[in-house]
Amino acid sequence: MKKVGILNLGINNIKSITNACKSISETVVINSYNEFNRDIDVLILPGNGHFSLGMKLIKDLKFDVIIKEFCEKKKKIVGICLGLQLLMFRSDEANNIKGLALIDGEVKQIDRKKIKVPLLGWYTVNFKSKDLKDKEFFFNNSYMVCPVNKDLIKGNIGNYVPAYIVQENIHGFQFHPEKSSHNGLELLKNIINN
Amino acid sequence: MKIEKIRIIPKLEIKNEFLIKGVRFEGLRKIGNPVDFANKYFKDGADQINIIDIVASLYNRDNLYEIVNKITEQVFIPVCVGGGIKSIEHIKALLECGADRVIVNSEALRNIKFIDQIVQTFGSQFLTVSIEAKKIGNDYYCMMDHGRENSNKTLSDWIKQLNKYNVGEIIINSIDNDGIENGFDFELLNIVSNEEFNCPKVINGGAGNFNHFINVLEKYDIDGFSIATALHFNKFSIKELKEFLISKKVNINPL
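Keeping their order, the protein sequence lines are chains Y and C. Sequential numbering from 1 applies to the first sequence in the numbering used here. Sequential numbering from 1001 applies to the second sequence in the numbering used here.
Just so you know, these hints were derived from the structure itself, not from any lab. Please read all numbers here as calculations on a predicted model, not as lab measurements. Among the hints, erroneous ones may be present.
Said to hold, decoys possible - With a straight-line cut-off of 20 Å between C-alpha atoms, the simulated PhoX-like cross-links for lysine-lysine are:
1. 1164/C <-> 116/Y
2. 1160/C <-> 116/Y
3. 1070/C <-> 15/Y
4. 1070/C <-> 135/Y
5. 1113/C <-> 1134/C
6. 76/Y <-> 154/Y
7. 1201/C <-> 113/Y
8. 1002/C <-> 114/Y
9. 113/Y <-> 1002/C
10. 1070/C <-> 22/Y
11. 116/Y <-> 1002/C
12. 1043/C <-> 135/Y
13. 116/Y <-> 1043/C
14. 135/Y <-> 1201/C
15. 1005/C <-> 113/Y
16. 1043/C <-> 189/Y
17. 135/Y <-> 1002/C
18. 76/Y <-> 2/Y
19. 114/Y <-> 1160/C
20. 116/Y <-> 1201/C
21. 22/Y <-> 1043/C
22. 189/Y <-> 75/Y
23. 1070/C <-> 116/Y
24. 114/Y <-> 1201/C
25. 1160/C <-> 15/Y
One chain only, chain Y, in its complex shape:
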């Protein structure tokens, strides 16, 4: 059984992602660098809230060290919502703050002319892979990730908002799989176990 580690920034609803992962596999919550145990197979960076606060907490808690170590070892990292956005180089939400810069690209404000902002509720995600059927997931965000390499986008809403990003060992969800009922749990399960 795979062991899941969830990075707790202290600003997130850590309980719902923990409950969701526990229903799938062995799960621990990591509250600080010292608690980090290297037997973890899948690292989850969940997120809600402001980009600058998220980045500050990651550095204060030395989570950036854990994430980089995971990345170098090519172990699986899952970013959710803000947790995905923090993996990029920069964000419109916090102009002077550098992100973790693991995925080349930036976080942009969603254009109100193209879709109702904030995204709040359920949207159909169109997946590019034949293995994944188009399904509904729960979103709650006003910003979206725009990777330079568009091939990394494996699913989107209405061909506009990137929803699922994959770069080697990194998986990023703009939506909340832990809040997306069976569709979300199934997707999380596949990523954790494969």
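Assemble chain C onto chain Y, guided by the hints.
This is chain C only, laid out in the frame that chain Y set:
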């Protein structure tokens, strides 16, 4: 078809450890265990669950925390919680219980700066403002403390004021139609539709049959429906409602 899906949101009103329901916010009846009802609605395909503790501000809040804790262990859709929220500490405690969003009414009417405080601490996506509107004379007024106190603010004035703040979502409850199952409050919807909104809006109060939903959707731009009485008393199930809405080509989450 618009890309946003209409949400179906069961509303659980809680008093002490019980799910209760009244008519026009009065004559409260005990219905059962809120945890069981939340589970049932989750399995039935609800898009979100709203929980309002109607006495949390009067008595202690421990009952509410315990209920939210139990619900979020098994319910993997957004769970939004309100009732007597007056401080950032209340909100942090709810977050720890697994709440995804808080619902604030009375304290926002008393002290609008509370909205800024919440948004700056947790982000706007974390805040739903609930409006409990009641017709008095020729106008709708926003009520506080589960309908007991009049804020003396009219519905349209309050919406205009809220629009200057970064609110994540607004739920508009019709006290006059609450628990009546006679359809949504069109007079109220007319006022609402004359206002600009920069966030999603959900309406509550009056759902009694499937056509009530279609009647609203034909005329108004609404992002979700909150339902209590009709679901609690088994008038219809969420699954049946969703099947009907799909047959009418309404864009919903088919789960």
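Each hint tested on the structure:
1. 1164/C <-> 116/Y: Holds. Residue 1164/C to residue 116/Y sits at ~17 Å (cutoff 20 Å).
2. 1160/C <-> 116/Y: holds (19 Å)
3. 1070/C <-> 15/Y: Roughly 11 Å between the alpha carbons, so the hint for residue 1070/C and residue 15/Y holds.
4. 1070/C <-> 135/Y: Violated, at roughly 28 Å.
5. 1113/C <-> 1134/C: Violated - the C-alpha atoms of residue 1134/C and residue 1113/C are around 24 Å apart, more than 20 Å.
6. 76/Y <-> 154/Y: Roughly 17 Å between the alpha carbons, so the hint for residue 76/Y and residue 154/Y holds.
7. 1201/C <-> 113/Y: holds (18 Å)
8. 1002/C <-> 114/Y: Roughly 11 Å between the alpha carbons, so the hint for residue 1002/C and residue 114/Y holds.
9. 113/Y <-> 1002/C: holds (13 Å)
10. 1070/C <-> 22/Y: holds (15 Å)
11. 116/Y <-> 1002/C: This hinted pair holds, its Cα atoms lying about 10 Å apart.
12. 1043/C <-> 135/Y: holds (17 Å)
13. 116/Y <-> 1043/C: violated (28 Å)
14. 135/Y <-> 1201/C: violated (24 Å)
15. 1005/C <-> 113/Y: Distance of about 18 Å is within 20 Å: holds.
16. 1043/C <-> 189/Y: OK: residue 1043/C and residue 189/Y at ~19 Å, within 20 Å.
17. 135/Y <-> 1002/C: Answer holds: residue 135/Y to residue 1002/C is near 16 Å, not above 20 Å.
18. 76/Y <-> 2/Y: Status holds; Cα separation ~11 Å.
19. 114/Y <-> 1160/C: With Cα atoms ~24 Å apart, residue 114/Y and residue 1160/C exceed 20 Å; violated.
20. 116/Y <-> 1201/C: Measuring from Cα to Cα gives roughly 12 Å; hence the hint holds.
21. 22/Y <-> 1043/C: Holds. Residue 22/Y to residue 1043/C sits at ~19 Å (cutoff 20 Å).
22. 189/Y <-> 75/Y: holds (16 Å)
23. 1070/C <-> 116/Y: violated (33 Å)
24. 114/Y <-> 1201/C: holds (19 Å)
25. 1160/C <-> 15/Y: Violated - the C-alpha atoms of residue 15/Y and residue 1160/C are around 35 Å apart, more than 20 Å.
Checked against the numbered hints above, the structure breaks hints 4, 5, 13, 14, 19, 23, 25 and satisfies the rest.
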